[in-house]
Each structure stands twice: as structure tokens, then as C-alpha cells.
Amino acid sequence: MEQENKIIKTSFPVKASMFVTGLGQLLQKQWIKGSLYLSCFIVYVFYLIAVGARDIKGFFTLGTVKGDAWLGIEGDDSIMMLLKGLLAFAITAIFIALHISNINDAKRANISLENGEHLPKFTKACATFMDKKFYIIALAIPVVGVLIFNVLPIIFMILISFTNYGGDIVPPELVDWIGFDNFGKILTLSSIKNTFFKILGWNFVWATLSTFINYFGGLGLALLLNKKCVKGKTFWRSFPILAYAVPGFITLLGFKFMFSYGGPINHYITMNGGAAIGFLDIDAGNMARIIGLMVNAWISVPTSMLLATGILSNMNNDLYDAASIDGATKWKQFIKITLPFVIFSTTPVLITSFVGNFNNFGIFYFLRGGLYNEGYFLASDTDLLINWLYNLSIDNNYYGIGAAISLIIFIITSIFSLLTYVRSNAYKKEDTYR
Amino acid sequence: MKKKRFFNGNRIDSIITHIILIIVCIIFAFPVLWLILSSFSKSGSIYDIDGFFPKSYSFSSYIKLFSDTSMYDYPNWLANTLYVAVFSSLIGTILVILTAYTISRFEFKSRKILMKTTLILSMFPSFMGMTAVYLIMVNFGLINQLWSLILIYAAGAPMGYLVQKGYFDTISNTIYEAARVDGATNFTIFTKVTLPMAKPIIVYTALTQFAWPWSDFILPNMLLKNKDLWTVAVGLTHLDETQFTRFAAGSVFIAVPIVILYFALSRFLVAGVSDGAVKG
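Residue numbers (the numbering used here), protein chains in the order written: chain A, 6 to 439; chain B, 930 to 1209.
It is worth saying that the hints were derived from the structure and are not from the lab. Using N, Cα and C, we set each Cβ at its ideal position, and we do this for glycine too. A hint or two may mislead.
[Claimed, not checked] In silico BS3-like pairs for lysine-lysine, Cα to Cα no more than 27 Å straight-line: (1) B/Lys1154 x A/Lys261; (2) A/Lys261 x B/Lys1038; (3) B/Lys1156 x A/Lys138; (4) B/Lys1038 x A/Lys129; (5) B/Lys971 x A/Lys261; (6) B/Lys984 x A/Lys137; (7) B/Lys1038 x A/Lys138.
[Said to hold, decoys possible] Which stretches of chain A does chain B cover? Using the computed rule of at least three CB atoms under 8 Å from a CB of chain B, they are: (8) 24-31; (9) 161-173; (10) 205-218; (11) 231-238; (12) 312-321; (13) 337-350; (14) 394-404.
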């Protein structure tokens, strides 16, 4: 019933605004506002005629004319067309939002007029808008920034994974949409498939092991420092914090030098009559993997130690007293009281750190970057998916397959991230602190 | 008798604990100490340092770092790093504070959607979009520009607004309402009421926004191909074993401010939090 009334009541200026942005405002004698809306409309129409329509079409064709330097033909640049197409969609979306706001504005003005009120002057309206809608102005730049530098790349990457971009097919060659072929290649083409599953397996082993080591390493260290017999806790704690504070790339390069042939470890081995060991050589195999785990522990244990210290300080000591009276041993107390409490309160962190380790780019990039093992397609036996992705797309221009792999990583990590999201109470209870 | 055994057990426990602690601290200190000692070594190559301790000590690596710049222009790297870090920190801090304050203070329709979107976006590792950023930058001819790095760092900063929002959440609404009654617009409230109260969190934000570009490697390595645009992180990775002490000296030089920052920050954070509690 109310709906019907609205339609009947829709007055002529509002209808005019529905067809031409700003017309309603002009009819209601809001000259400045109306002409601003109208000029947006005109600019958009001109944009659409001049380049917009072509760009949107280009998004679907990705170019039809192949460039040829010999014949002097300036061909289509598929990737630019893809990006321009995205831009055209974004501009269209902004225009639609503007158009809707124009209709709403016309409606509001119409109602005011019918009630016999005067419409505010444009400058006044501007000031009210600035104040009432302060949040829009404040958030505009951050949101646009995040859209351009965080959302656009993700959309772009998803789109690229459905094209044959990369390898020999880079502009001036024409890129095409190929649907799910890249994913098909990863799962069927023998060389890529083997590499993919080998790396995926190692990636899971790595993430599980390193999360486990870092977590319990940090917890153990925190428990050790929490003991009553330890004096000067700040002193002891400053060593892990030092490790935590040194920039990651310095630590990793330092470790690379340490395990190199000229490094101190090999020096002491040769001094005692042993042969120098290529800890991180191409044929190092599991040794390199173990070194990677240890180096990662060196970097990450301090973080989890700090976390565990914070959690342990929130624990209720009465439980231990009661357990002692009941005759529980230290070990029993740890298993039955400490561990459940700590694990319960750190599950989200555990998942986040699993995801972080799953995508730990730095460790093997610095320790063993640029090595390609036999039996692997452009990867080494320590590389994680994220390293392989880097090798493929940045070093070897396999953009399409690289993007498909990053989408697969995306899916795997998002499953774990969703788990965190569901479990994180901090987010749900965000307003209770007020 | 029984009491004495109990005492002994505690004693042994304490000794074992301390032995483990010493081992752990050696493990953590060893690589750092080794780098610092190497940076004071007289010879430049890693092969001339026999083991843990250099044969002879001098400041030559540090002097070479700043004077012998024909191959490895460390002062220039440092200037680039400083430029990128300072401006990203400046712009990033403004954006983060604005975002955090607005989301904390105002109730609006898209607020929940915005928060959920950033939460989900931030869960994806930042490296995922990086290759796409690279491709986009290449296509628009924006690689080899220091300011494109600044843009990326600053634009990504508002994603981590939660700490700052938590701070603003502790400021009670009554202050704002009082200002509102006095006829202040939202803009004046922000500049005259909020900003002065937010000093500790602004400092914290600026420091963290500074530390990230200061020690980041992946992004500059991807986007800066020209040698004279390298940041310290990119430059240091190009030093091989024969330039090891130069690497060590360069690392120590760039790590020291960051390490001091971290130790200072841990104390500062506590102060900031208790400050907020008093005001709330």
C-alpha cells in the first residue's frame, strides 16, 4: 500500500531526475547543485561515447589487432585493455551511485517543497553535508586508496588467471580469455602437475611443523622465564626481543652467510679435519629444509614467547594451588591446566600463524632463492607455493599460471582465515568496551 | 630428611632452568653478535674471518661503506630508504588515524560492511596481490619511482586501523557530546578535541608506519630496478661473500635504529595504554 502511494506521489522533477541526472534539481530551482549533477551526467555520457564503450568492449575481446613493427601497425595492448575495461566498470559504478544519490536528493527536496519549506542554499547545504556526513569525507581517501592498491590487484589477479597471459604471449601478442585452462594445466600437465603436488605437500608439512615448533618453542620459553627461581627476567627476555627486533631480511641474509662455505660453521668443521658442507646447495635436500625450520624458529619464537607471556600472566593461580593439594605433579598440572588454557586462548593466533607460515616467502627466498631442482618446474625442493608463484610470475613471466596458483593459495588460506574469523571473539565483542 | 630432598630438587631444577636459558640466549645472541663483530673486521671477505672472531679489528668497513660508493652507494640507499619511510609514515599515519577515528566514532550504514571487508581483506597475505601490483605498475610505467612505493605503503596503511580504533574506543562519548552541545562541527571536534588527545597513538602509528618501509625488502626489490633508486634492503642483498663485512656494517647501521625503536616502543606502549585508561 505504502509502495503504491510512493509511486503515485513520484512527482515530475523526481521522474526527470531518474532519466537525466540533475534535471530534477534544476526544475526545483536548485541551480548549482543541479548543474553539478548535470555536468557529471554530461561528462559520463561523453566518456562513454569517447572511450568508455570501447573500453568495455575491449575488456571482453582483449584486442583484435595484432601489432606489427615491420608493417607499422600499432596493435592492441591486451593487458592495458583489461585494465581500462576495469576502470570503465569502476567509473560506471561510481556514476550509478551518483545517479541514485541524485534521485534520492530530488525526492527529499520534493517532499520539503510540498511541505512548504524553503530549500537550503547550495553553500549552506554543502556545509551541512560536510558536517553531517563527515565520515564520508574522512573515509573517502582511505577507501579509494585501499580500493586501488588492495582490491584492484586482487581483482586483476583473479582475471589474469583466466587468460593465457605470460610465457610467449605478452604484448604485442594478443592475450585471450581461456576460462579454466590454467587450472586444468596445473592439475593435468605432467611437469607442472608434479611440481605442484610436490610443493603443495611440502608446503603443508612446512606450515604444520614450523607452526608447531614456533608455538611450543615460544610457550616453553615463556614458561621457563615464568619460573620463580629465575631472577632478572628483563635481562633474559631482552635476547629474544633483540632477535625479534632485527629486520627479517638482515637475519635471513646473515644466516645465509653463516651457512655458506666461508661461514663460521664450515670454518670450524674444516678446522677439525672435516669437509666443508654445502648446507644450502642445490643437492642439500632435507638438510636445507631443516635449516629453514630452525631459522624460522629463530625469527618467530620470540613473537610467540611474548604472546604466551601475556596469556600466562592472565592465568588464575588458584587452580595450581588446588592441584598441588590434590597431589598433581608439575607435568600433570602443565598438561591438565596450563596447556588447555593457553591453547584455548590462542587458537585464532595459531591459525593465523599457520597461514603466515604457509605463505612464508622470505625464508627460502633469501636462503635458497633462484635455485631450480631437477624434477621441478622452475622451483627447488624447499620452495613453497608462494616462492614458486614468485619464480613463475616475476622471474619467468608465466603470469597466467602464476595467477592461477595464487588463486589456489588464496582458496587454501581463505579456508583457514575463515576459521579464524568464525572463532575470533574480539571482533564480535568490539563494542563492549565502551 | 624429606624437606632437605625437596630443597635439593628445587636446586637442581633451578640449575637446569638456568642452563637452558643460557643456551637459548646464546642461540639468540650468536648470529647478532657475529654480525656486529664481523662489521668491525679489518678484512672485507667472509673467507678472511676465521670462524666467529675476526683476526683484527678496525672501522674500515664503516668508513668504506660511506666513502667507497662507486660500486655500492650506501649513502644513496640510505637516503632513498629515509625518503620512502618518512613520507609513507607521514601519509600513512594521517590515513590510519582518520580511518580509525571515523570508524570508532560514527555510526553509519556501511560501517559494519566496511569493517568486515577490511577484516577479510587483511586476512589474505599481502604478497598475494603483490605480483598484480607489479604488473599494473609495469603497464602504467610506474616502476622505478620512489613515490609509487610511498603510495603503496601509505594506501595499504588504513587496513591496519584496529589498534588505533581500539584507542579511540576508550575515549568516552561525553567529551564529544559536550563539544557538540557547544556547537562544534565534526571537523572542529576532530582537529581541536580528538587530535590533541590522540598524541600517544599518533606517535605509535607514525613509528610503526616508519618501521615497515624501513625494513621491507619484497616491494622495493620488485619495483626498483635502477641501481641509484635502491633502498638499503635491496642494496644489501646484492653484496656477495667477498663484500661480507660491508654487508655486516650496513646491516648494523640500519638495524640499530630499528632495534632501539622496538625497545623504546615496548615501554612507550605501556605508557600509551595507561594514558588512555585515565582519560577514558
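Hints, verified against the model:
1. B/Lys1154 x A/Lys261: holds, 23 Å
2. A/Lys261 x B/Lys1038: Violated, at about 52 Å.
3. B/Lys1156 x A/Lys138: Cα-Cα ~47 Å, so violated.
4. B/Lys1038 x A/Lys129: Satisfied, since the Cα-Cα distance of roughly 24 Å is no more than 27 Å.
5. B/Lys971 x A/Lys261: Given that 27 Å is the threshold and the Cα spacing comes to 21 Å, the pair holds.
6. B/Lys984 x A/Lys137: violated, 71 Å
7. B/Lys1038 x A/Lys138: holds, 11 Å
8. 24-31: violated (count 0)
9. 161-173: holds (count 3)
10. 205-218: violated (count 0)
11. 231-238: holds (count 3)
12. 312-321: violated (count 0)
13. 337-350: violated (count 0)
14. 394-404: holds (count 5)
Comparing the model with each earlier hint shows violations of hints 2, 3, 6, 8, 10, 12, 13; every other hint is respected.
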